[in-house]
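Enquirer: The residues making up each chain are set out below.
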Amino acid sequence: MSMTTTNELTTAAIPASGSSVLVSLNQVGKVYPNGTVAVQNANLAVTEGEFLCFVGPSGCGKSTIFNMITGLTSHTEGGLSVLGTTPFQARRHNEIAFVFQEHTLLPWTNLLENVTLPLKLRGIPRKTRIEEGQRVLELVGLKDYMKVLPRQLSGGMKMRVSIARALISRPKLLLMDEPFGALDEITRQTLQDELLRIWQQDKQMTVLFITHNVFEAVFLSTRVVVMTPRPGKIAQVVDIPQPFPRNETFRTAHEFSDYVRLISGALQH
Amino acid sequence: MSMTTTNELTTAAIPASGSSVLVSLNQVGKVYPNGTVAVQNANLAVTEGEFLCFVGPSGCGKSTIFNMITGLTSHTEGGLSVLGTTPFQARRHNEIAFVFQEHTLLPWTNLLENVTLPLKLRGIPRKTRIEEGQRVLELVGLKDYMKVLPRQLSGGMKMRVSIARALISRPKLLLMDEPFGALDEITRQTLQDELLRIWQQDKQMTVLFITHNVFEAVFLSTRVVVMTPRPGKIAQVVDIPQPFPRNETFRTAHEFSDYVRLISGALQH
Amino acid sequence: ACGNNNNSAVSAGTPEGGKVSAKVTTVTNWFAQAEHGGVYAALEEGFYKDAGLDMTITPGGPQISATQIVASGKAEFGMAQADEILLARQNGIPLVALFASFQTNPQGLVVHKDAGIASPDNLHGKSVYVSSGAGYWEYLKKAYSLSDVKQMAYTGSAAPFLADSNVVLQGYVTSEPFEMKNQNVDVDFLLNADFGYNPYGNVLFTTEDYLKKHGDVVKAFVEATAKGFEAYKTDYKTINEAIQKESPDMTTEKLTYASETMMPLVFDGDAKEHGVGYMSKERWETLAKQMTDTGLLDKMPDVSEVYTDEYFTK
Amino acid sequence: MAKQWVPAAADSGRRLDTKTNSGSSVRNSQKTENILLKTFRSVFPPFVVFLIVVGGWELVARAADIKPYLLPKPTDIVKAAADNWSNLMVSVGTTVSEAVFGFLASVVLGVVLAVLLAMNKMIEKSVYPYAIILQTIPIVAIAPIIVIWFGAGLNAIVIISFLISFFPILSNTLIGLNSTDQNMKNLFYLYNATKLQTIIRLRIPAALPYIVAGLKISCSMSVIGAIVGEYIAGIGGGKGGLGYAITVASTRLQTAYLFACGLSAAVLGIVFFLLINQLSKWLLSSWHESEMRN
Amino acid sequence: MAKQWVPAAADSGRRLDTKTNSGSSVRNSQKTENILLKTFRSVFPPFVVFLIVVGGWELVARAADIKPYLLPKPTDIVKAAADNWSNLMVSVGTTVSEAVFGFLASVVLGVVLAVLLAMNKMIEKSVYPYAIILQTIPIVAIAPIIVIWFGAGLNAIVIISFLISFFPILSNTLIGLNSTDQNMKNLFYLYNATKLQTIIRLRIPAALPYIVAGLKISCSMSVIGAIVGEYIAGIGGGKGGLGYAITVASTRLQTAYLFACGLSAAVLGIVFFLLINQLSKWLLSSWHESEMRN
Ligand SMILES: Nc1ncnc2c1ncn2[C@@H]1O[C@H](COP(=O)(O)OP(=O)(O)OP(=O)(O)O)[C@@H](O)[C@H]1O
Ligand SMILES: Nc1ncnc2c1ncn2[C@@H]1O[C@H](COP(=O)(O)OP(=O)(O)OP(=O)(O)O)[C@@H](O)[C@H]1O
Ligand SMILES: [Mg+2]
Ligand SMILES: [Mg+2]
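Chains as they are written, first to last, in our numbering: chain A, 2 to 270; chain B, 2 to 270; chain C, 4 to 317; chain D, 7 to 300; chain E, 7 to 300.
Keep in mind that the hints are not guaranteed to be accurate.
Said to hold, decoys possible - Only pairs whose alpha carbons sit at most 25 Å apart, straight line, appear in this in silico BS3-like list of lysine-lysine:
1) E:Lys73 to D:Lys127
2) D:Lys44 to E:Lys201
3) D:Lys73 to C:Lys26
4) A:Lys121 to D:Lys201
5) E:Lys73 to C:Lys184
6) E:Lys79 to D:Lys44
7) B:Lys148 to E:Lys131
8) E:Lys191 to E:Lys201
9) E:Lys44 to D:Lys131
10) D:Lys44 to E:Lys191
Since the hints were made in silico from the structure, they are not lab data.
Predicted model only: the values in this text are computed from it and were never measured.
Please take these sequences and the hints and turn them into a complete structure.
Expert: Given below as structure tokens:
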């Protein structure tokens with residue numbers, strides 16, 4: 002079994018050879034104004050084309066790391082670079098997309114409008130917007146609900162709309178904060194497969210993905226970042242050097258359960 | 002293997018012998034004003050002391066059934082009785098508690114106040130409220146956050162506060178809509194164990210529980226209700242006649258995976 | 004100097020000895036000013052007290068309607084122009100005029116000296132700021148065919164007048180010329196009385212009901228007020244000081260100017276012969292006819308009910 | 007086992023679920039009936055209260071023999087209105103047009119200014135105090151200047167109506183624009199929206215409930231503004247509005263007609279309010295709690 | 007590979023995260039400096055605008071030789087205020103007390119009535135139109151009655167101030183009470199909360215942003231109301247408020263003093279507003295977007 006474990010320092014130092022580093026955290030720390038130390042000494046280098054999963058107990062600082070990467074909150078220690086620039090500059094490239102932990106849909110407008118919002122903000126013409134909107138809504142199984150307002154949806158359906166909105170802009174860097182948490186197993190697996198397909202199609206896309214499901218983390222990612230709480234630290238980064246496309250065979254393979262057990266162990270630690 | 006599957010009609014007709022029926026659905030249907038048929042011909046009798054899990058694909062009507070049982074929405078067909086009376090009367094007994102799919106915390110007040118709200122509404126004195134509040138916050142691992150406002154919490158922490166609030170009132174009937182969806186595996190398992198412990202302590206408590214996690218459903222419940230979408234129907238009710246307390250031994254037992262496979266099969270169908 | 008006596012009417016009575024004893028209130032038609040001099044003199048010099056009246060004087064204001072306050076019984080006596088009393092009676096408010104402060108009404112129009120306006124005939128094409136609904140303006144409009152005059156709402160500000168020499172402003176001969184002189188504006192004054200419209204000014208009145216029930220109180224009031232005006236004529240300087248206490252923003256010069264200007268308007272005419280405050284049937288009839296002609300009154304009233312002169316015995 | 011079956015849609019409990027109305031399994035003919043019943047139910051209570059208020063007023067006035075010049079009876083007022091009907095209608099017409107112009111100016115300038123202020127804290131801090139001055143400085147104090155600069159009559163009146171009704175819209179809109187949900191602002195920020203896009207596509211729609219609340223206050227204030235304007239800067243004569251009519255009735259001591267004018271103004275205010283209310287329903291009913299059917 | 011390291015808390019990008027301020031890793035001494043700087047920043051821009059406005063006014067007035075009785079220069083106004091300082095202060099004092107009483111009455115009655123209306127749709131439908139009438143009926147029309155019923159002076163003035171400032175609070179509070187999030191209403195409903203509990207523990211706190219928006223409008227309107235009240239139903243004399251002073255100054259052609267009074271009223275309005283603003287900050291800053299620091 003070719004399982005490698007790198008600790009945070011070496012990971013930051015040695016990016017995967019050849020590809021460029023998209024996101025890099027160098028001893029990053031975050032203290033909220035009320036004194037909560039949410040993240041401490043985080044080191045990480047994400048190279049282009051990776052699929053990186055974050056796992057860790059509730060409240061360990063996963064969302065905080067995402068917020069620092071997107072520039073929604075500033076880091077209070079260390080250095081941080083995204084797409085080769087500051088987080089605040091990076092978003093200007095229009096190459097980042099994300100799914101928030103809580104679906105954020107505009108209540109006054111229908112699903113199609115909600116999903117095509119990123120295109121509208123970029124001034125893409127209406128016809129393209131509708132086409133693309135239909136495409137991604139189809140992807141998440143909500144094509145029939147195009148004209149429906151968000152409040153008429155179930156919890157899982159709202160989350161799927163958020164996912165569709167993130168996928169519509171064909172981003173270079175995609176951040177997803179527990180996107181499949183509210184979904185049943187089947188919908189979840191369908192979307193996992195879709196996500197991997199999209200990611201593979203376009204080898205340029207890099208995905209950062211928060212999940213509570215260790216199976217999901219192992220199934221999807223090239224590397225899994227395991228975090229520990231209080232203060233949030235990166236405990237371990239586990240490589241999953243298994244070939245893509247992955248399918249049911251991988252899910253039932255011995256390596257799969259080995260990885261799961263390894264990560265679960267790191268979490269329990 | 003002593004696995005029994007009863008279809009919806011017989012389930013409604015034959016409640017478990019001896020105990021009284023707490024919730025009963027008789028050919029219940031729900032059509033939303035916009036024409037969506039959310040639930041159709043649902044038959045179900047929940048007897049006292051049961052732990053009933055609902056599984057089913059996103060948007061199949063699980064939350065809608067909960068809303069009808071709590072009287073938040075009216076059923077448009079069939080007959081429905083809760084605690085031997087109408088859903089609208091039932092809540093007056095102060096014996097129902099619930100966790101919504103989306104955490105519903107009052108943003109202007111701290112966790113302790115949020116968690117003790119049900120007691121405050123019943124006029125329980127402050128001292129008892131604080132004691133009970135600390136007890137349940139401890140249960141969900143948030144005792145240190147008593148004085149914190151909800152917006153300073155992570156997604157999973159907010160959900161745990163909602164759970165604590167439901168547990169504080171020691172209800173007779175507890176409805177939980179995907180309470181553990183936003184939680185990591187460890188927190189989830191801790192809370193599962195806690196929930197089962199509380200449920201067993203007081204053999205009178207009946208739990209209705211929505212989850213997307215088939216493992217969780219099998220581990221927790223005495224019966225699993227499998228739903229299918231469009232229009233939402235109860236496809237199958239699976240008995241899990243396994244002894245409590247359940248623990249890791251059960252999780253790794255052969256029966257466990259058999260149940261999981263059976264239910265997953267019913268879902269895929 | 005404020006507050007109303009709700010029970011004053013009840014306390015009015017005539018104890019043995021024929022001397023009245025009553026607690027009464029008079030509402031004037033504006034903040035305390037020289038034009039009210041007679042009433043304040045009667046109060047200051049103790050004439051009301053001597054007559055057995057425990058008098059309170061309540062100053063009026065822009066929207067304080069003395070007619071309504073007296074009609075409601077919150078005060079016994081009020082002050083208004085003669086035409087207002089006729090209007091009040093037409094609208095069912097049974098007022099009776101008791102005493103006319105001004106034989107000649109001080110109201111009129113202020114005009115710029117260089118505008119060359121000597122009579123309402125010259126008003127064509129000008130803008131005139133008058134209180135909406137004022138009786139004299141209806142009369143002038145009709146009598147001088149002034150339909151092409153631009154009529155504007157007067158709200159107490161003289162600024163539009165200062166800004167434009169084609170503007171004409173309503174005013175009191177006792178006040179506005181003085182203010183304009185202070186601003187170095189040369190003005191002329193067209194007194195309404197000189198052009199045919201001369202209702203008695205600042206008429207003191209009460210209700211028919213009160214008059215019937217408390218004739219002796221009314222008599223005492225009228226006599227004391229007349230004495231007050233006589234006293235004011237000679238001693239206006241001291242009384243003005245009392246008025247200044249009520250209206251501290253009034254300057255002595257302004258009060259003096261007003262006092263001096265008002266004396267002939269109060270004491271000339273019929274007052275010379277019959278005493279200050281006197282009213283004649285002819286004058287009331289003339290006014291009633293003018294108001295009927297302009298449509299302010301629906302029909303000629305019986306003027307003998309409008310006023311009483313039984314307290315003028317001279 | 008005391009089980010009690012509840013037939014569908016026959017439960018009388020309080021329904022919090024605004025998503026449902028009377029239940030769509032009901033047949034169509036019944037629906038029409040329901041609508042009639044609903045209209046009746048919504049019109050009936052105010053009507054009853056109206057009858058009680060007006061009837062009580064009439065009775066008390068008659069019983070206590072309140073003089074009509076102090077407080078006219080409803081019948082007196084109706085008679086006065088009928089006697090002067092054509093005058094009254096001319097006055098109402100004049101006031102309506104002034105109020106509408108004033109209100110429109112308030113809406114446009116109030117919202118536009120609020121947007122400008124919301125876009126920049128610095129501008130807000132510098133300019134907002136002057137907006138408060140505009141609202142607090144007594145109109146009587148500046149009326150002469152308004153008249154001199156803009157001319158008496160319609161212009162001045164519209165400006166006064168604007169000055170009086172403008173602040174509630176500005177203030178409410180500004181607070182609304184500043185109340186946008188942080189998550190949604192983050193969404194727009196991350197999708198690289200320009201300030202203008204954020205305002206138009208997010209902050210204004212999200213502020214609509216506040217804006218509409220401002221409109222509801224302002225619409226009737228614009229009527230008051232028009233009347234005050236007529237009162238202090240109006241032109242007398244034939245085409246005077248309600249403000250002029252009120253002054254005249256007041257000096258002429260025609261209390262009943264005065265009340266007729268005053269109540270006409272109130273009715274105008276209510277009509278304006280109901281129109282805005284409809285607008286509010288139309289804008290918000292599909293998504294905001296404040297206007298959802300229940 | 008053009009990587010650019012960003013040191014912590016030194017990024018100048020727009021910060022949407024209201025949760026953070028300048029970063030708490032900064033040392034304490036720097037913090038104090040920051041506070042000073044912030045105060046300076048928040049005071050400076052309005053001050054500059056003030057200078058520009060007043061200076062511009064003075065210059066234009068001098069250059070265009072605008073007559074002081076039309077639009078007095080700032081220096082004229084200051085001089086007039088200084089000359090009449092003690093009178094002015096007395097007037098301001100009187101008006102302040104009237105406005106405060108009127109405003110307090112508005113707040114209490116506005117909120118209480120809104121709560122009553124919010125608790126029952128039927129009452130709302132029946133009573134609300136009369137609230138609109140109260141706000142729309144021209145004060146001049148009913149002033150004589152107010153004076154007769156409540157007596158001229160303080161009583162009448164406070165009532166007029168109340169009538170003018172009451173509706174914004176009522177209207178905003180009502181809309182706020184009706185805007186409560188459906189999920190939270192469900193929560194209270196299921197926990198069997200009484201109507202009163204729901205109002206007190208849920209709907210009023212949730213409506214606070216709207217209520218405060220109403221207060222912000224009303225507070226300066228209560229000043230206007232007091233002035234209108236004095237103008238209409240005031241008593242003159244030594245203790246007259248700003249409304250009286252304005253009437254007198256107006257008839258006396260003391261335009262500069264008239265403006266001094268008008269501006270005093272405006273300043274009063276601003277002071278009231280700032281007080282309410284502080285209250286709003288204190289009530290909402292911990293949880294509502296509209297008052298979070300950023
Ligand atoms: N605005 C804030 N102010 C203060 N503390 C905060 C704030 N937001 C988050 N925190 C704290 O920071 C810590 C990490 O929060 P974060 O949201 O990053 O957790 P998470 O890993 O995403 O958890 P979850 O899986 O439950 O979503 C928590 O302890 C939380 O209480
Ligand atoms: N207010 C509403 N108006 C109209 N349709 C609705 C409304 N609420 C829910 N629905 C529809 O009813 C169906 C069932 O919704 P429900 O919320 O019960 O699903 P669910 O089983 O809880 O799904 P999830 O697991 O995603 O939460 C969905 O198709 C949804 O679109
Ligand atoms: Mg999180
Ligand atoms: Mg659901």
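Enquirer: Please go over all the hints and tell whether each is borne out by the structure.
Expert: These are the hints, each one checked on the structure:
no.	hint	result
1	E:Lys73 to D:Lys127	violated, 37 Å
2	D:Lys44 to E:Lys201	holds, 24 Å
3	D:Lys73 to C:Lys26	holds, 24 Å
4	A:Lys121 to D:Lys201	holds, 14 Å
5	E:Lys73 to C:Lys184	holds, 16 Å
6	E:Lys79 to D:Lys44	violated, 61 Å
7	B:Lys148 to E:Lys131	violated, 41 Å
8	E:Lys191 to E:Lys201	holds, 11 Å
9	E:Lys44 to D:Lys131	holds, 13 Å
10	D:Lys44 to E:Lys191	holds, 24 Å
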